[in-house]
Amino acid sequence: MTNTDFINEIEKYMSKNILSQKNPIASIKNEDKILITSESFASDKSLAEINLISGEILSGVPNKEYKLHLEIYKKRPKESAILHSALEATTTCSIVGKTVYPMLDDMAQIVGPSAKTACIKTKTHQGCVKNILKKMKGRQAALISENGAICCASNLDDASVVAIVLEKGCKTAVESFAIGGGKKINDLECRLMHFVYTLKYSKQNEKNR
Amino acid sequence: MDINLARQTLLDAGIKLVNEGLVARTWGNISCRIDENSFLITPSGRSYDQLTLDDFVLVQIEDLSYPAGIKPSSEKGVHAEVYKNRPEVTAVIHTHQMNASTCAASRKDVPATDQEFKKILGDVVRCAGYGLPGTKKLKLATSKALGDSNAALMANHGAVCVGKTMDEAFLVAKTLEKKCEEFIFSEFANISGIKTNKIKNIHDFYILKKKRGKK
Ligand SMILES: [Zn+2]
Chain W
-6 MTNTDFINEI EKYMSKNILS QKNPIASIKN EDKILITSES FASDKSLAEI NLISGEILSG
54 VPNKEYKLHL EIYKKRPKES AILHSALEAT TTCSIVGKTV YPMLDDMAQI VGPSAKTACI
114 KTKTHQGCVK NILKKMKGRQ AALISENGAI CCASNLDDAS VVAIVLEKGC KTAVESFAIG
174 GGKKINDLEC RLMHFVYTLK YSKQNEKNR
Chain F
-10 MDINLARQTL LDAGIKLVNE GLVARTWGNI SCRIDENSFL ITPSGRSYDQ LTLDDFVLVQ
50 IEDLSYPAGI KPSSEKGVHA EVYKNRPEVT AVIHTHQMNA STCAASRKDV PATDQEFKKI
110 LGDVVRCAGY GLPGTKKLKL ATSKALGDSN AALMANHGAV CVGKTMDEAF LVAKTLEKKC
170 EEFIFSEFAN ISGIKTNKIK NIHDFYILKK KRGKK
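Quick note, the sequences are listed as chains W and F, same order.
Just so we're aligned: 101 in this note's numbering is position 108 of the first sequence, and the numbers increase by one with no gaps anywhere.
Just so we're aligned: 112 in this note's numbering is position 123 of the second sequence, and the numbers increase by one with no gaps anywhere.
Worth double-checking, as some hints may not be accurate.
Claimed, not checked - Derived lysine-lysine pairs resembling PhoX-like cross-links, with alpha carbons at most 25 Å apart: (1) W:177 - F:189; (2) F:189 - W:5; (3) F:199 - W:127; (4) W:68 - W:193; (5) W:177 - F:60; (6) F:5 - W:177; (7) W:176 - F:167; (8) W:9 - F:163; (9) W:91 - F:189; (10) W:176 - F:199; (11) F:200 - W:127; (12) F:187 - W:9; (13) W:193 - F:167; (14) F:187 - W:15; (15) W:176 - F:198; (16) F:5 - W:91; (17) F:126 - W:177; (18) W:176 - F:125; (19) W:193 - F:126; (20) W:15 - F:189; (21) F:163 - F:189; (22) W:176 - F:133; (23) W:57 - W:123; (24) W:193 - F:125; (25) W:91 - F:200; (26) W:91 - F:198; (27) W:176 - F:126; (28) F:73 - W:176; (29) W:177 - F:73; (30) F:5 - W:5; (31) W:60 - W:123; (32) F:189 - W:176; (33) W:123 - W:26; (34) W:177 - F:133; (35) F:189 - W:9.
It should be emphasised that the hints constitute simulated quantities derived from the structure, not laboratory data.
Using the sequences and the hints, build the whole thing.
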């Protein structure tokens, strides 16, 4: 993906409110480098480039969250794209701070058996990064306390799907509360669905290579 | 229905459903009855905007068999069960539409509130028991909940809408979404005392209640 393509995609996600209008945060991995939105992306559409191995900033001024993205790529080699979702229901659930359990099959399949909230104050701190990685284990996303969610996948489009499906899961949790509460799907069945989906998807990718 | 007409009907319906926000990406599926033994359905894992006339798959109602090549939707069993039990139905739409999914997540039946509801959806839209996607349990539960009505919710999953024509099934899906939204707001007014049609009010209420520790 070229820088221009990446910028176009970021703008598309901003227009759909997947990414924050004020501080959009997205990154992609390209071999041993990552490309990430800069601190000033909202005003100047600038990107920054970072060496994945050394963490050296090769160009631009990366968003403050870049160390978290670096760690995710290092610890989870299958991921190649990260979006920091700012969607409405996702943000509502991140404010509440409780774990969101799947009430829809989609969420179990694509996000995983739950979306946990990582309690952090400074994302650049090593301990906080560790906490987020721990909450994401076996899942494609984690809610960030009062600050939306981190969503990752093997490509940018799939990361946006994770964000959309997580939003639907959060929206269901919030709005079913208004009609007396939603019913969670059994944990074992959630894990089974996520496992089958991941397996099916990796096979499909293998076939399409 | 003539198979070529069915292909065009499915292609058009897919675009219409995407434009209405009732389906998206590869989620949900639609089918048309061809005759008493078979139906044509959307393929598995393909985006609606990328479909062509040749992508739809002919599936046998009795044994769910289909020709080698493109794989049909994994929910073909739900469609087959409807065609088997409802000879007058010629179109089935399965969606993951938002408001119906929210009601399905609460596993609640949605009762009729007005004439429009009764005329298009019947006296009640029942919610089927839960079954994992693609399973016999799901197709049997959905068919039972549908009975002789035009729509059913699928627990923790979405909805199935049927019609004597594709236009009719489409109207059912659209009306269901609207009526489920009304149901959410009216139930919300009952539990919170807040009469609103703004989602933000529900979100604020949720934050307030959950932050106070209410489970
Ligand atoms: Zn479905």
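**OP:** Just pull the numbers of the violated hints for me, sorted ascending.
**Re:** 5, 6, 13, 16, 28, 29
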